[in-house]
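Novice: Top line first, the protein sequences correspond to chains A and B.
With this note's numbering applied, the first sequence corresponds to residues 0 to 499, in that order.
With this note's numbering applied, the second sequence corresponds to residues 0 to 499, in that order.
Treat the hints with care, as some may be off.
Since the list gives no way to pick out one identical chain from another, each pair is judged satisfied if it fits inside one copy or across any two copies.
To be verified - In silico lysine-lysine, DSS-like type, Cα no more than 27 Å apart, as pairs: (1) Lys64 - Lys139; (2) Lys239 - Lys64; (3) Lys309 - Lys231; (4) Lys242 - Lys313; (5) Lys167 - Lys419; (6) Lys495 - Lys403; (7) Lys403 - Lys167; (8) Lys495 - Lys419; (9) Lys394 - Lys139; (10) Lys403 - Lys419; (11) Lys231 - Lys403; (12) Lys167 - Lys239; (13) Lys403 - Lys64; (14) Lys313 - Lys239; (15) Lys270 - Lys242.
By construction, these hints were calculated from the structure, which means they are not laboratory data.
Number of protein chains: 2
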Amino acid sequence: MALSSTNFLLLFLLLFLGSHSPSKAVTLRPPFWKSWWPRRSNERFSTYQYETRYFTQTLDHFSFKQLGSFQQRYLLNQHHWSGALRMGPIFFYCGNEGGIEWFAENTGFMWDIAPRFGAMLVFAEHRYYGQSLPYGSREKAYQNADTLSYLTAEQALADFATLVIDLKRNFSAEACPVILFGGSYGGMLAAWMRMKYPHIAVGALSSSAPILQFQDIVPSQIFYDIVSNDFKRESLSCFKCIKESWNILEHLGQTSEGLANLSRRFNLCWKLNRTQDLADWLSSAYSYLAMVNYPYPANFLMPLPAFPIKEVCKRMDSYPDGTGILDRIFGGISIYYNYTGSVDCFDIRDDPHGMNGWNWQACTEMVMPMSSNEESSMFPPYCFDYDAYQDQCIKEFGVRPRPKWITTEFGGHDLERDLKHFGSNIIFANGLLDPWSGGGVLQNVSDSIISLVTEEGAHHLDLRAATDQDPEWLVDQRESEVEIIRGWISDYYTGKASSF
Amino acid sequence: MALSSTNFLLLFLLLFLGSHSPSKAVTLRPPFWKSWWPRRSNERFSTYQYETRYFTQTLDHFSFKQLGSFQQRYLLNQHHWSGALRMGPIFFYCGNEGGIEWFAENTGFMWDIAPRFGAMLVFAEHRYYGQSLPYGSREKAYQNADTLSYLTAEQALADFATLVIDLKRNFSAEACPVILFGGSYGGMLAAWMRMKYPHIAVGALSSSAPILQFQDIVPSQIFYDIVSNDFKRESLSCFKCIKESWNILEHLGQTSEGLANLSRRFNLCWKLNRTQDLADWLSSAYSYLAMVNYPYPANFLMPLPAFPIKEVCKRMDSYPDGTGILDRIFGGISIYYNYTGSVDCFDIRDDPHGMNGWNWQACTEMVMPMSSNEESSMFPPYCFDYDAYQDQCIKEFGVRPRPKWITTEFGGHDLERDLKHFGSNIIFANGLLDPWSGGGVLQNVSDSIISLVTEEGAHHLDLRAATDQDPEWLVDQRESEVEIIRGWISDYYTGKASSF
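Construct the complete structure from the given sequences, taking the supplied hints into account.
Specialist: Have a look at this one:
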């Protein structure tokens, strides 16, 4: 079968490697443009049981323009709920930039622990994704910058707050404590929601949430440095091989004959028009590998072996001396793109449907500067160019980004100081192998704003369902999370009891 | 001279006693409709010196509609500022619903203490008030529900956050601590801003801020009960006289002859058309008297003696036995409306320019239910009727209120629990004579969210300039506020020092 890049499941922010501004030199694309978000909206999941419900949601919470409402979808499971009278907790997942079923399905942790807490489960879909579409349809919601203009994180948080209050009222559950969960962008929302709406939820588990990946808070090269280090720690020769490959690709790509050569070597279904497309395909695979560098075989973005980077490097290093760099690269990358061996040829074409929600968000408030450092990164050097970024957003969406807005609204420049005596009950969970950990909160802020860092963890592995292959540190991490959440709920009950 | 009701300075929320829905029975008007906000925008103040500056502000912070910007006015005084190098604090006043000069002029406390702190003073005007008008003019900004739709507290808070960040950058003052100040609605904004934007300011002095006067958090009759008790504590006969007056007014108002009689007795410039107008004029005076029941002669809303309610009741009780109730009422009310004795006749007509900013806010998010209890209140009984309120808003502005939105966005139903382990560094100052204290925070929430309650205090007296007539408790209250603020700043400096 031909594997299309549009099939890649992508958790979140992923690397939106653009295909605009053609250039002769192979370069690293600023990571915002192309979303490879799964478009499998018709897919049926069957692992977990839930009711699908809809809530009439205000389109614009922050003005009184008479814009009407839309139907926000949420998934509900009350099976283990101990009920309103016993103040059974409500576990609330803050939906990311995609259909909510996929997140419900991939957040097994909540399902696993619900029985231990007697918890109700709610998975709330993020506006403009899945079926939660303003203006009645995806086509209309995504029509232009005007219709898209209410796709913001602040509006999504207000949606969640409004929904929780309504849910509680419907279940007479006003006294029940709410715990927020979220991974990646959803984790950012969970943390921000606990910070902005402390009256709505008593705590938040925010997993792999790069809330510091804005403006100049963390070095812009940190993401690609972490990916590069993930390879370097497995094998210096593997790292060097990738780092040296870009010049060779670029050199070959300068002639039509060279492009044909590359197309054959990489077993592409069609002849390359330009090397950049191949470079994008390769570099995004390296980043994905770093995100899903899980300690057991998994099928999250792709079916992969345990510690896939180790496998990729092992393969690249396994060839006899004298094997060319491109042959090694092809061998390594096949672990990612063709682990099952079922791919006949690779279709690396970009998804032509460029206009998607995350790209809009990246072009408005979610401006995350990313660079690639000449020395420390194995990627082609790239220096974040805000002007070019802005120009592209104006061109594609007719919108000018507000790169300073997220830090104005949510802070971040001195998070520890701001939250040390302010805020409570947040777990920031990060795995250091995950390149998004570079923008994460990696130190405890206070007694109750806790950073759980796992050396061997990747992108919000903790939120996935337990398996019998989980390493001990992962079992321990999840148990810590359970204990901390139990403490929040217990404190809440104690406070309630003393107020009677 | 004829005294027009439009001349009354009104601090904030005041009593918007409507003149819609004519009715035979004298009733209490729901306190939102008519704003008697001072319209003296051309008035020159000279007590304090400041620079007037303008900041290009985003009209809609929470969507990406290309709506452009407007000029937000702010007043600046750097005279005492110890400078960026010494991390001199920035005292930031959160502007209320009116021209900012008036608040700068009436917040002498900030001017008084600035030298002791080496503080810069900033008074930021609230959008849609004073000169900070979207769409270029008051006329255009107030044209209809569409143009008014961005007049919300959340947008105003985002304005303040954006302005602070820009100011700090301009003065290289990123490391300088910001303290928020505000009284009444401005006090609500100061508290909410500290809660929502802890990274922007290290603390807030929120004076006479009824952040709990929403939905069902406090009893809806509390405002008029406090006014009534302010009269009752001075004199039971005074309270009873007012309570009994409404029936007499209503009875007289049923004939044209009776209306003429009332007009003469109350020395009105024109003959009354209906008793309700007179009832509104009287009941609003009682409420204003409770708000400005200050311990020294002041000219805040009107020129008044010290403890004006005591004077009103003394006058009403001073007449010989057998004096009619209406004569007593007229004698008492003249203390409020004609203390200087310069009024020839009273013009009690409503201001015809009904469309003002606060009314819009009251018709959108600032829905504060108010009732008058048959037993405990001296006002005509009135039961808050949300449906009628909503109908009026739809009729006048074409807008439907969102009565649950403020508690969704800012909480309030269980403030103590929500903020006990969340948030810090807020002073809620309330005087118990002030009817708005009924919706205030009257108990300490935590070690650093402090309630300063003064038994003899009225509406944010603490924010006014010190005078040599200040009673000791007021001097003490202000000194407590200074000490607490000093503690916040000192903690901030300690934190800064330890991070180097």
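Novice: Taking the hints in turn, state whether each one holds.
Specialist: Here is what the structure says about each hint:
1. Lys64 - Lys139: Both ways: Lys64 and Lys139 sit 19 Å apart in one copy and 16 Å across, limit 27 Å.
2. Lys239 - Lys64: neither (57 Å within a copy, 47 Å between copies)
3. Lys309 - Lys231: Answer is within: at 10 Å inside a copy they meet the 27 Å cutoff, but 82 Å across does not.
4. Lys242 - Lys313: within (16 Å within a copy, 91 Å between copies)
5. Lys167 - Lys419: The answer is between: 22 Å across copies meets 27 Å, while 30 Å in one copy does not.
6. Lys495 - Lys403: between (40 Å within a copy, 23 Å between copies)
7. Lys403 - Lys167: between (35 Å within a copy, 14 Å between copies)
8. Lys495 - Lys419: For Lys495 and Lys419, both the intra-copy (25 Å) and inter-copy (12 Å) Cα distances are at most 27 Å.
9. Lys394 - Lys139: within (20 Å within a copy, 31 Å between copies)
10. Lys403 - Lys419: within (23 Å within a copy, 31 Å between copies)
11. Lys231 - Lys403: The answer is neither: 34 Å in one copy and 55 Å across copies each exceed 27 Å.
12. Lys167 - Lys239: neither (56 Å within a copy, 45 Å between copies)
13. Lys403 - Lys64: Intra 26 Å, inter 17 Å, cutoff 27 Å: intra and inter.
14. Lys313 - Lys239: within (14 Å within a copy, 93 Å between copies)
15. Lys270 - Lys242: So Lys270 and Lys242 pass the 27 Å test inside one copy only (24 Å; across, 92 Å).
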